Each structure stands twice: as structure tokens, then as C-alpha cells.
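Number of protein chains: 2
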Amino acid sequence: MFFRSALLSTVGLSLSAFLLLAQAPTEPQHVFGYRDFSAQAKIDQQFLAVPSAKLAGEELKTLTAAPHIAASKEDYDTAVYVAGKFKAAGLETSIVPYKAWLNLPKEISVTATDDATGKTLMHGPTREHVEGDPYQDDPRVTPGFNGSSPSGDVTAEVVYANYGRPEDFDRLAALHIDVKGKLVIVRYGANFRGVKVYVAQQRGAAGVIIYSDPADDGYYRGDKYPNGPYRPDTGVQRGSVQYMFKYPGDATTPGIASTPELPASKRIDPATAASMPRIPSTPLSYHDAAPILENLGGPSAPREWQGALPFNYHLGGTGVKVHMLLKQDYAMRTIWDVIGKIPGTELPDEWVVAGNHRDAWVYGAVDPNSGTAAMLESVHGIGELLHQGWKPKRTVIFASWDAEEEGLIGSTEWAEDHANQLAHAVAYFNTDVGVSGPSFESAAVPSLKQFVRDVTKEVPSPKGGSVYEQWKAEQAANGSRHHVNNGFNERHGHANVDNDVEIGDLGSGSDYTPFIQHLGVPSTDIGSDGPYGVYHSVFDNYAWFIKNADPTFVYEQQQARVFGLEVLHMADTDVLPYDYVTYGKEIEAYIEAAKKKAADAQLSSIDFSEATAAAQKFTSAAEAAYSRQTAESGNPTHLNSELRQVEGDLLSSAGLPNRPWFKHTIYAPGEYTGYAAVVIPGVNEAIDAKDVSRAQTQMATLTAALTRATSTLESAAK
Amino acid sequence: MFFRSALLSTVGLSLSAFLLLAQAPTEPQHVFGYRDFSAQAKIDQQFLAVPSAKLAGEELKTLTAAPHIAASKEDYDTAVYVAGKFKAAGLETSIVPYKAWLNLPKEISVTATDDATGKTLMHGPTREHVEGDPYQDDPRVTPGFNGSSPSGDVTAEVVYANYGRPEDFDRLAALHIDVKGKLVIVRYGANFRGVKVYVAQQRGAAGVIIYSDPADDGYYRGDKYPNGPYRPDTGVQRGSVQYMFKYPGDATTPGIASTPELPASKRIDPATAASMPRIPSTPLSYHDAAPILENLGGPSAPREWQGALPFNYHLGGTGVKVHMLLKQDYAMRTIWDVIGKIPGTELPDEWVVAGNHRDAWVYGAVDPNSGTAAMLESVHGIGELLHQGWKPKRTVIFASWDAEEEGLIGSTEWAEDHANQLAHAVAYFNTDVGVSGPSFESAAVPSLKQFVRDVTKEVPSPKGGSVYEQWKAEQAANGSRHHVNNGFNERHGHANVDNDVEIGDLGSGSDYTPFIQHLGVPSTDIGSDGPYGVYHSVFDNYAWFIKNADPTFVYEQQQARVFGLEVLHMADTDVLPYDYVTYGKEIEAYIEAAKKKAADAQLSSIDFSEATAAAQKFTSAAEAAYSRQTAESGNPTHLNSELRQVEGDLLSSAGLPNRPWFKHTIYAPGEYTGYAAVVIPGVNEAIDAKDVSRAQTQMATLTAALTRATSTLESAAK
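For the protein sequence lines, the chains are A and B, in the order given. Our numbering puts the first residue of the first sequence at 19, with every later residue one more than the last. Our numbering puts the first residue of the second sequence at 19, with every later residue one more than the last.
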């Protein structure tokens with residue numbers, strides 16, 4: 019009780035927070051990674067008492083006072099604010115600039131005319147507006163636009179292509195609807211918006227309009243803002259259409275850091291960059307999309323393509339002509355990561371990195387600053403520990419990334435900048451949409467799933483009991499949802515081999531991508547989710563947040579506690595708490611599923627036997643290592659050093675076919691899903707392409723990676 | 019070829035009809051019921067050449083020239099027209115009047131006001147209107163109203179109750195939304211509208227508004243009229259809310275005929291009649307319902323209750339007050355059946371009855387006059403046979419029923435009037451929605467499923483091949499849909515024991531009800547279906563029909579041919595073509611399903627063993643009878659006489675609990691579904707009510723019926 023009452027006076031712990039702690043679960047006795055958890059348990063309690071709901075609310079309000087798109091003055095102001103907080107907590111803090119190729123909208127105009135009458139049906143985009151929102155009229159709000167879209171001036175007939183998936187375009191082709199030279203209108207959802215543009219480009223479209231259908235995050239889901247959390251008529255989802263499934267980060271510097279001093283000769287021409295779309299695209303609200311869709315000619319759309327606008331959807335090709343004029347202001351612009359470091363006392367080369375982006379399309383109350391406020395309170399708590407003399411065994415780094423929205427740029431450039439040091443990093447912990455509601459969810463590499471669960475068992479939930487208990491109860495009642503940071507939170511389907519609360523796979527869509535998929539740093543992503551229909555609109559602001567997401571900031575506090583405990587445990591653990599047994603079983607399940615898919619696709623000549631055997635050996639070796647990890651004693655130095663190497667063994671130096679930046683053999687963002695992970699991507703994407711020979715080559719790459727990792731695990735167990 | 023070429027000159031067979039016949043399937047050699055089919059095959063070909071697409075179109079146009087609601091002058095005019103056609107074909111024709119308790123709308127008014135502001139949100143009903151419909155402005159069009167609704171003057175808060183099913187009201191109760199004294203607004207679909215009012219009445223509602231949600235038959239399904247077949251904004255579904263699951267027909271004369279001379283003392287008071295709703299109700303278009311639904315307060319509706327109007331649906335209880343004023347003009351009114359008879363030469367007491375109703379809520383181009391026009395062309399074809407000297411072995415009766423829309427009144431009163439003669443009837447063939455599109459569907463007692471299939475094998479389809487082949491191909495491609503005459507054509511789930519094209523169960527909603535469910539006459543219902551969103555609205559008119567249903571009337575011609583062949587075969591067959599083996603297997607499946615349902619409901623004490631054994635014996639006896647039916651020779655008199663008795667054996671004299679008019683032990687309209695059949699209804703509804711003792715009594719009734727029928731089948735097989 020000493021720590022708690024002592025801290026009550028120190029940091030002004032609120033009564034409600036005290037009551038929460040009073041009903042917190044009893045301290046765990048055995049936690050994976052610790053030989054004796056009792057000392058850590060005391061530090062944890064000391065830490066948990068600090069993060070403040072009230073302060074998180076104030077920090078959120080400050081961070082979101084103005085629109086702060088990457089590379090803007092207001093973005094820099096938030097960098098300075100975050101750096102101040104880091105410094106105040108005792109972190110060695112720096113603002114780290116990079117220079118990246120970014121666009122801002124100079125002129126965005128979409129005009130629809132009726133084919134038959136020549137009448138103007140719509141001239142937009144309409145400025146986002148609802149009754150009574152206090153933030154919407156700031157002159158610094160940009161109109162809706164797509165990051166990485168080229169400029170363009172297209173006048174063409176319009177075709178409706180549902181979600182813009184390959185199968186949607188296949189369906190149009192089967193129905194003899196030609197998209198060549200047309201403007202394609204697609205709805206948000208089902209995949210990453212860059213994938214929609216990528217597929218449309220492959221099929222010969224002249225441009226793409228991406229709109230938010232009310233079926234997907236509008237009134238069909240529930241009340242719209244300001245009466246509820248869902249997208250109002252004029253709400254636009256901005257967003258990057260960068261082909262980040264090719265590579266994320268600055269388009270001109272794949273694999274290297276866009277430092278200010280990087281000579282121009284080291285950069286590639288954006289005109290030839292694989293991550294830059296070649297056709298223009300822009301987002302629209304359903305207020306603006308409706309007059310286009312309602313007047314499309316052509317046959318009725320397939321019934322599953324029908325959205326929630328009040329008319330029958332047609333496929334188009336006739337009926338409406340749209341003039342889309344996009345003037346993008348492209349320039350090499352400076353962005354600012356904020357990095358705060360606490361050097362490790364015993365193992366300074368083993369970095370524990372925890373990050374969240376700071377830039378927002380507009381105000382970003384949920385995305386990303388609910389995560390930033392929580393991170394600042396995590397730092398606040400760790401600062402209190404530092405103040406009382408605690409120091410981490412391993413080096414802790416907190417990062418406030420910039421230009422995530424444009425393509426994970428701040429994190430990618432920093433990760434590429436520190437690739438050598440990150441080869442020794444023990445974990446990357448991400449949070450992006452920290453809080454959009456009360457339902458905790460996570461995605462993680464399988465080796466860290468147990469770690470995330472253990473941490474959540476220590477944190478009290480505002481609903482009573484622990485975060486873990488509430489998480490488990492809600493999943494039992496409602497099923498699990500993938501935490502994907504984009505407001506959709508789609509149900510996920512990863513291999514659940516451990517019969518516990520489900521944790522999703524890491525696809526893409528946030529800053530863990532360079533860490534896990536490029537560098538092999540074991541990663542997690544956490545957040546507390548709820549109905550969130552204002553993603554990337556002007557309405558993702560403080561007024562929306564306190565009405566819908568977390569009026570008393572208790573989930574901000576929870577998020578700060580979980581995020582901070584992840585860092586504390588990983589910084590001080592005796593044995594690295596990587597569960598490679600679960601990882602091995604998941605890989606076995608992935609291979610089994612791919613085998614079934616190949617059989618279904620009549621590609622029975624693909625030989626899975628060596629990969630299957632390699633995965634089984636990996637699991638066996640992991641079991642032996644696990645016994646060592648849970649042993650009561652012994653010097654863990656060799657064990658930890660080997661364990662740290664396993665994830666790196668799963669990288670292939672060549673990377674994936676046509677996208678060498680993605681080096682992980684087990685996880686990648688899907689080339690045709692974008693957000694959602696594709697597992698054993700080399701093999702699965704070859705099967706999807708019905709390319710037996712490539713599948714066999716990729717199988718060999720996978721087998722080699724598993725064999726390397728197995729040998730490291732065997733060494734660890736010695 | 020003699021008959022066909024001879025008829026070509028006689029009846030002016032069109033070239034397209036000739037081409038159709040030229041590609042017709044080869045004549046069948048063996049047809050169940052015939053010892054030698056060759057003579058019948060020639061008669062069939064002679065018949066099939068007569069029904070004319072062109073004439074059916076003209077007849078449809080004449081029948082639907084004016085609104086002709088039951089008991090109106092225009093209704094009488096159509097009776098005279100049909101009687102003229104019957105007479106011209108050589109039928110002994112009479113117009114048969116009955117007197118029934120019917121309402122017409124004197125004043126229908128619905129006014130919605132905003133609770134908070136007192137502002138009028140809607141004052142309706144709005145007159146039905148679309149651009150360019152030539153029929154909509156006739157002054158004789160009634161406003162939308164519900165047959166059998168009492169008058170009422172209710173002002174109350176409004177609660178949204180989805181489809182108005184018991185489970186919907188249970189859900190409201192679980193969500194603490196009180197419906198007592200409230201106006202309940204429900205959407206059409208999922209059940210018979212009278213059930214919605216019945217459940218609302220049971221739950222204490224003060225009145226009911228029933229509206230057409232665009233999700234169910236409006237723009238969410240496809241283009242709305244005049245651009246397509248679906249319900250336009252102002253389209254209202256009129257309809258009876260009579261509790262015809264209690265008993266159909268005139269509410270004042272359950273079980274007896276409402277002849278004009280029936281003394282008033284033999285009639286019951288409508289105020290106490292079990293089939294009359296006690297609370298007022300009225301239908302609305304979605305144009306008029308939207309302002310009510312959009313302004314409802316209370317919590318959001320469950321997501322599966324969300325329709326396709328462009329806002330989030332709420333449950334209400336607050337937000338909107340509605341004043342519903344209904345002045346119904348009730349009177350004892352005269353209706354007119356038209357009956358045309360062809361006396362049988364050999365078996366005049368064995369009636370073959372074929373019927374279709376003639377009255378319409380407004381114009382009734384699809385419902386019912388697409389069926390009437392087809393029936394007139396069936397009669398036309400049979401008239402040609404009579405003209406050439408053919409006479410039926412059994413007595414043929416064609417019937418044009420009146421006041422079906424108000425509660426199957428014309429058919430029910432006539433059937434009650436002729437109950438003694440109908441005890442010898444061999445079949446009742448119904449058509450109602452004869453043609454709403456190109457997809458043939460049927461419902462029938464199991465004993466006549468093979469009969470319907472056999473008939474359709476002889477009729478050419480406008481798509482090529484036979485009706486049967488197209489039917490089978492479409493079911494294989496799309497699944498089967500229950501032919502329910504109400505525009506919804508919901509997928510049905512009867513026991514499919516014979517692995518052939520699926521034929522639905524007979525529930526209720528059309529004129530076969532008194533024949534099969536009250537009197538035990540084996541019945542079928544046929545129609546050719548398509549997208550049909552204007553059911554019971556002013557837009558179900560000739561203009562809609564030729565745009566959407568059957569522009570060249572070739573499906574009218576097909577329908578005339580199938581309907582006529584049903585009559586011809588049943589009139590002249592050697593052995594009655596009843597397949598009681600299939601019937602027995604279906605009953606076994608029904609009992610098995612009820613047993614499983616009882617087990618799921620933890621009512622394991624219900625003993626199914628005797629009913630199961632009785633059903634198995636029934637099937638065995640049916641197999642022996644079937645051998646006799648397919649034998650090459652022998653006098654079929656005794657066999658036929660016994661076979662005819664089997665369906666009657668399945669009636670119980672007591673009828674169903676609380677609804678003694680329904681006497682069939684295997685099929686009834688569900689008390690809580692209305693249209694859809696409940697199988698072995700006594701047993702299943704007792705299980706639904708968790709009433710073990712009643713279930714056991716009903717099981718005994720079922721077992722006794724099966725035992726009677728088995729003994730008759732055993733006698734038939736001797």
C-alpha cells in the first residue's frame with residue numbers, strides 16, 4: 019500500500035482511479051519471463067497509479083486544438099509539445115527531421131453532369147458540415163483528398179465497382195461493363211484504399227472516386243454525428259492511396275532513410291516509384307456521391323453491391339459524366355519524429371521501442387491522438403519511476419511518428435535509419451487508434467500474444483475486474499474483431515491455436531510495418547475500440563471524442579497503463595517472453611490452410627512436405643526452448659541472445675517477389691487487401707496467382723527460414 | 019399432325035406459338051394414372067394449340083380496365099364478362115351471389131407530429147403517384163386501407179416492431195419498450211399482415227400501421243416503377259387483416275354458406291367473430307412512413323431491424339405522436355362467383371374444380387387477373403375440345419371467385435355451400451398470381467407433386483424445351499422459391515423427399531384453403547413468378563404488367579396450358595394419379611422434425627412413437643396402393659373410390675384447437691405465420707406453446723388420422 023498511498027499525494031490520483039485500483043485483480047505470482055515477479059509487481063503498481071484520466075483528456079485537447087497534417091506548422095507545434103512532455107519525464111529527447119515527397123491539395127473539384135440533359139448533378143466536394151460542431155469551420159481544414167494521388171484532369175463516364183476488389187472488377191468484366199478509360203467509383207471498406215486504386219489502374223481505369231457508403235460506416239450502422247458516432251452525410255474519409263503494399267515510407271527512398279542531408283542522387287524519381295499510383299483518385303462523402311450513383315445508367319448492380327443510399331444502384335458506363343480535376347501540390351517536405359530515450363543499464367543495445375504517430379489528416383482526436391495522449395501518460399508514469407530512481411535494464415525508446423497517414427513515413431524512415439541497432443531490438447509496441455470506445459483489442463506476432471494477455475491481466479478495467487477479463491468476456495459474447503485502426507474493425511480469421519482471447523495478425527495500416535515486416539522486430543498493436551464512423555474526417559475531433567469514445571478518459575488511462583506495462587515488462591524481464599511454441603503451431607496451421615487452398619485450386623503438384631516438416635521441427639525446438647525459458651534459474655544471456663535472433667531468421671534477404679522491401683516470410687500486408695495480413699505471403703500469393711513454380715520457390719524460401727529459426731531455437735535450448 | 023394443322027386454321031395459332039410447339043418435348047409414353055396415354059396425348063396436343071397469347075393479353079386488358087374491388091359495380095361487370103367467356107366455350111354457367119360483411123374506406127387519415135415541437139411531420143396517406151402511369155388517377159381507386167380493420171380514432175406514441183412477429187415483440191419487451199396503448203408501426207414481409215395485427219392486439223397495442231419498407235420490395239431490391247418492377251415511394255400495399263388463420267370467408271358465417279337467403283339469425287355478430295381484429299390498422303407507403311420512422315426516439319433498433327430508408331431506425335416510444343383516424347364503411351354486401359360446369363360423362367359426381375379469383379384491390383393486373391386471363395384461355399382451349407365433340411369423364415368446374423382479397427370469401431362460401439358434393443371431388447386446382455414473370459413455381463399436396471411435374475413436362479416453355487426442364491434448370495441455378503402470391507416468394511423449406519424440382523407446401527393466402535384445409539380436396543397452386551414490387555397497389559395494372567411481367571403474354575399462354583392440362587388429365591385419368599408414397603415420406607419427415615424440435619425445447623416426455631409407426635404404416639400401405647395404381651390393367655373403380663377417400667381421412671372432425679374450421683391434420687396456415695404452412699399443425703403448435711399435454715392429444719389425433727388413411731390405402735391395394 020506504500021507506493022499507492024504515496025503516489026496518491028504525489029500525482030493527485032482521482033477518487034475514481036483509486037476505486038478502480040481498489041478493485042484491481044490481485045497481483046500475479048508467476049509471469050512468463052520472470053524468475054521472481056515480486057519486485058516487478060511492486061514497480062508495476064507504482065507505475066499503474068500514475069497515468070491520469072484527467073491529464074490524458076487535457077493532453078488530447080491540446081494535441082487536437084488545430085488541424086495538424088504532416089509537415090505543417092501545427093504538426094511541428096505538436097512535435098514541440100510532445101518533446102516537452104518527454105523531456106519533463108526525464109527522457110533524452112530529440113526532434114528528428116526527415117524529408118519526404120508529399121502532396122497537399124491545391125485544387126480538388128468533382129463535377130457530375132447528366133448525360134442526357136447536360137444538367138449539373140453535383141459540384142463538389144461539399145465542405146464537411148453538421149449542426150453545431152465547433153471544429154468544422156477552421157480555415158486550415160483541407161478538403162477531402164488522397165495522399166499520393168497524382169494531379170489529374172479527367173472527364174469520363176462513371177462505372178460503379180463496389181469495393182474495388184479484384185473480384186469486383188472480374189464481375190464487371192463478366193457483365194461486359196468496360197472500365198477502360200472510365201472513372202471508377204468505389205466504396206470504402208473491405209480493403210485498403212490504395213488497393214482499390216491499384217486494381218483500377220491495372221484494369222485500365224482513368225481515375226477513381228472513393229466514397230463512404232452509409233451501409234459501411236454511416237446511418238445504416240447507427241446514429242450519425244452529432245447524434246451518434248457514425249459518419250454524417252458530408253463526412254469525407256481522406257487517406258493515402260500510396261501502394262504501401264509495395265513499400266511504405268517516402269516513395270523516393272525505399273530501404274534507406276530520407277534524412278535531410280541525403281543527396282538528391284540517392285533518391286529515385288517519384289515518377290518511377292513503385293509505391294506511387296499512376297491514376298488520380300479522390301474521396302467523396304455520400305452527400306456528394308449520391309447524385310452520381312443515383313443517375314448511373316447500365317444494368318442494376320449485383321444485390322450484394324447495393325449500399326444504403328435510397329435508390330437502386332446501377333453499374334453505370336452511361337448516365338453520368340464526371341469531370342475530376344485534381345491539382346496536387348507536391349514537394350519534398352520536412353516531417354518531424356520525436357524520439358525519447360532512456361538508456362538501459364545492463365543491456366543498452368537491446369532496444370524496446372514504443373511508438374504512436376502524431377500527425378492527423380485533420381484534428382485526429384481518435385486517429386492518432388487518442389494514442390498520443392495515452393502514450394504521454396505512459397511516459398508520465400515511467401517518468402515518475404525514473405524520478406524515484408528506477409532505471410530500465412534495456413534501453414527504452416518512445417517515438418512520436420510523423421506522416422504515418424501519408425505512408426508510415428516517419429516510422430519507416432527512422433527504422434531504415436536505425437536498421438543496424440534495431441537488429442538487436444527486443445520489441446516494437448505500437449498504438450495508433452488508442453481509444454475509439456471501450457473494447458480492448460490487439461494484434462501481435464504469435465510469440466507476443468501471451469505477453470499481451472499477461473500485461474492486460476494486471477490492468478484494471480473501468481468496467482470492473484481486469485482488462486483481460488473484460489476482453490475475454492466481450493469476445494465470448496460478441497466474437498473478436500480485428501483491431502485495424504480504420505474504423506471498420508472487421509472480424510478476423512487468424513489461426514487460433516491457443517484457445518484464449520483472440521489476437522489478430524499484423525497486416526499493415528500502422529507503424530509496426532517497418533519493424534516487423536522489414537526488420538523482424540517482434541511487434542504488437544493495441545487499442546480500445548468502439549463504433550467510429552468519422553475516421554479521417556473533420557469530425558474526428560475532441561467534440562466527437564467526448565461525446566462518443568471516452569467522455570471521462572478512463573479508457574485513455576487504461577490504454578496508458580497497458581502500453582506502459584508492455585514497455586516496463588519488456589525492458590526488465592529476465593528471460594525474453596517470446597512464445598515460439600504458439601508461433602510454430604500457427605505456422606503449421608497456415609501451411610495446412612495453404613495446402614488445402616492449393617488442393618481446392620487443383621494445384622496438387624505443389625509439394626508442402628518439406629515446409630510442413632520444417633514447421634513441425636520449429637515447434638519441437640520451440641518447446642525445448644520454452645522449457646529453458648520457464649526454468650527457475652540459470653544465466654539467461656545466451657538464451658536471450660538466441661531468442662532475439664529467431665524473428666530475424668524468419669526474414670528472407672530477397673524479400674517477396676516484386677516487393678523486396680517486405681522481407682518477412684510469415685506476415686505481409688496482402689497485395690490485394692492492404693490492411694489485412696496475408697500469412698506465409700510468398701506461398702499464398704503464388705497459389706492465388708496459380709503459379710506453381712513460384713509457389714515451389716517460395717516454399718523453399720519459407721522452409722529455409724524455418725530451418726534457420728529452428729537451429730537458433732535449438733541453440734537457445736542448449 | 020392432323021389436329022395441330024387443323025387447329026392452326028381454326029384458332030389462328032400465331033407463328034411464335036407454332037414455333038414453340040415445334041420445339042415442344044416429344045410426347046410422353048407413360049404418364050402416371052393412364053394405362054395407355056396415346057389417346058390423351060392427342061387430346062392434349064389439340065388443347066395445347068388453342069390458348070392464345072394475344073387473346074390472353076386482350077382479356078387481361080379488358081378485365082383490368084377499371085378498379086374492380088369486390089362487391090363494386092365494376093366487379094360485377096367483370097363477372098358478366100367472365101360468364102360470357104365461359105358460356106361461349108360451352109360451359110353451363112351461372113353467376114352465384116353470396117352476401118358478406120365487408121368494409122370500404124370512408125375516411126382514412128394518418129397525421130404524425132413531432133413530440134418536441136408539435137410540428138406536423140406527415141399528413142397522409144399520400145395519393146399513389148409516379149411519373150407517367152396512365153391508370154393511377156382514376157377516381158374509383160380507393161386509398162390504402164386494410165380489409166377487416168375496425169374503425170378507430172387513436173392518438174398515441176409510436177413503437178417500431180420490425181415485422182410484427184412474436185419474437186419481435188419479445189425483443190421489444192426485453193429492451194423494456196412498452197407497446198401497451200401505443201401505435202405500433204411494422205413493416206410488411208415475413209408473415210401475413212393479419213398476424214402482425216393479431217400479435218400487436220395480444221400485446222396490448224392500440225393500433226397498427228403497416229408500411230412497405232424499400233428493403234423488402236422497394237428500391238433496395240432493384241429499380242422502382244416506372245423504371246422497374248419494384249415498389250415506388252408512394253405505393254401502398256392494401257390488404258385484409260382478417261384473422262383468416264382462425265377461419266376464412268365471411269366473418270359472420272364460419273362453416274356455413276353466406277347465401278343471400280341465409281337468415282340473419284344464422285349469422286354471428288361481427289363484433290364477436292373470432293376472425294375480426296379488435297384494433298384498427300392501416301397500411302402506408304414508405305413515402306408516408308419515413309417521416310414517422312425518421313423522428314422516432316428511443317434506442318437504436320437492433321441492426322437486423324434496420325430497413326433501407328436513409329436514416330438509422332429507432333424503436334420509438336417517444337419522439338412522434340400519430341393520430342390515426344379510420345372510418346370504415348361496413349355493410350353486408352353482395353359478391354359474385356362465376357361458376358362454369360361441364361358435366362362428366364362417366365363419373366359426374368367426381369368433380370374437378372379449377373379456380374382463380376377475379377376481384378382486385380385496385381386493377382389487379384397480376385393479382386389476380388393474370389390468373390383470370392390464363393384461366394379464360396384454358397377455358398378457350400377446353401371449349402375447342404367440346405366443340406370437336408370431346409367430353410370429360412369426370413365433371414369439370416371452372417370458378418371465378420370473388421372477394422378473395424377480403425378473406426377468401428367467394429371460394430370459402432361456395433365450398434361451404436357444396437361441402438357434400440366436394441366430398442367426392444378429386445382435385446382443386448388454383449391459380450391466383452398467374453403471371454408476374456417467367457419463373458414457374460408451384461405448391462401442392464405431396465400426393466399431387468408428381469402430377470404437377472408430369473403436366474409441366476408436356477408444356478413448351480417460351481425459353482425452349484418444356485416448362486418442367488426450365489423449372490428444374492432454374493431451381494438448380496437459383497434454389498426454389500415458395501409461390502406465395504404476395505410478391506415476396508420467399509424461399510421455402512418443406513421436406514424434399516423425392517429429389518426432384520421442389521414444390522412448396524400449401525399454407526394460406528389463396529383460394530385452395532377451404533378445399534384442402536377445410537374439406538380435404540387434394541389441391542395444387544401454380545403460377546409463373548418474377549420481381550413484383552407493386553403487389554396490392556394502384557400500380558399493379560396493365561401498364562406495369564406489359565413493362566415488367568410478360569410483355570408478349572407468352573407466360574400467360576404457358577399458364578393457360580399448364581392449368582388446362584391439370585384439368586384435362588384429372589378429368590380423364592384412368593387411375594387417380596395420387597402419389598401417397600411421397601405423402602407418407604413427407605409426413606414421416608415432418609414427425610421426425612417435430613421430434614427434434616421437441617427435444618431441442620426439452621420436451622422429451624412427448625411420445626412420438628405411435629405417430630411415427632402410423633406414418634410408416636401409411637407409407638407401406640401407400641406403396642402397395644401405388645403398385646396397383648401403376649398396374650397395366652384391372653378395373654380401377656374400387657381403387658379410385660378408395661384413393662379419393664384418403665385425403666378426407668386426414669381431416670379430424672374436431673379441427674385444430676381454438677380454430678375448428680381447420681380440419682386437416684397435416685397442413686394449416688400457421689397461427690403466427692399466416693401465409694406459410696405449418697405442417698402437422700396440432701402437434702407443432704403445441705410444441706411451440708410448450709404444452710406437452712396438448713401435444714400428446716394432438717399426436718393421438720394425428721395417429722388416428724394416419725390409421726384411418728392407412729386402412730383406406732390397404733383397402734385400395736386389395
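Treat the hints with caution; some may be incorrect.
For the chain B half of the interface with chain A, some residues (derived, Cβ under 8 Å), not all of them [said to hold, decoys possible]: (1) K79; (2) T80; (3) A83; (4) P232; (5) Y238; (6) G240; (7) D241; (8) S318; (9) W323; (10) Q324; (11) L327.
Incomplete in silico selection of chain A near chain B, CB under 10 Å [claimed, not checked]: (12) A59; (13) I61; (14) G246; (15) R646.
No wet-lab data here; the hints were simulated from the structure. All values reported here derive from a predicted model rather than from experimental measurement. We put the CB at the ideal spot given by N, CA and C, even for glycine.
Each hint, compared with the structure:
Nearest Cβ of chain A to the Cβ of K79 of chain B: about 28 Å, over the 8 Å cut. The hint is violated. At about 33 Å, the closest approach between the beta carbon of T80 of chain B and any beta carbon in chain A exceeds 8 Å, and the interface hint on this residue is violated. Given the 8 Å rule on beta carbons, the hint for A83 of chain B is violated: about 31 Å separates it from the nearest Cβ of chain A. Among the interface hints, the one on P232 of chain B holds; its C-beta lies about 7 Å from the nearest C-beta in chain A, closer than the 8 Å criterion.
Given hint, Y238 of chain B at the interface with chain A, holds; its Cβ is 6 Å from that chain's nearest Cβ, closer than 8 Å. For G240 of chain B, the interface hint holds, since its Cβ comes within 8 Å of a Cβ in chain A; the closest pair sits about 5 Å apart. Of the supplied interface hints, the one on D241 of chain B holds, with its beta-carbon coming within about 5 Å of a beta-carbon of chain A, less than 8 Å. Here the hint on S318 of chain B is kept, as its CB sits about 5 Å from the closest CB of chain A, short of 8 Å.
A least Cβ separation of about 12 Å between W323 of chain B and chain A goes past the 8 Å threshold, and the interface hint is therefore violated. Given hint, Q324 of chain B at the interface with chain A, holds; its Cβ is 6 Å from that chain's nearest Cβ, closer than 8 Å. Taken as an interface hint, L327 of chain B checks out: its beta carbon lies about 7 Å from the nearest beta carbon of chain A, inside 8 Å. About 43 Å separates the beta-carbon of A59 of chain A from the nearest beta-carbon of chain B, more than 10 Å, and the hint is not met.
Annotation: interface hint on I61 of chain A violated; nearest CB of chain B at approximately 44 Å, more than 10 Å. Hint on G246 of chain A holds. Least Cβ distance to chain B is approximately 7 Å, under the 10 Å limit. For R646 of chain A, the shortest C-beta to C-beta distance to chain B is roughly 50 Å, which exceeds 10 Å, and the interface hint is violated.
Consistency note: the structure conflicts with the earlier hints numbered 1, 2, 3, 9, 12, 13, 15.
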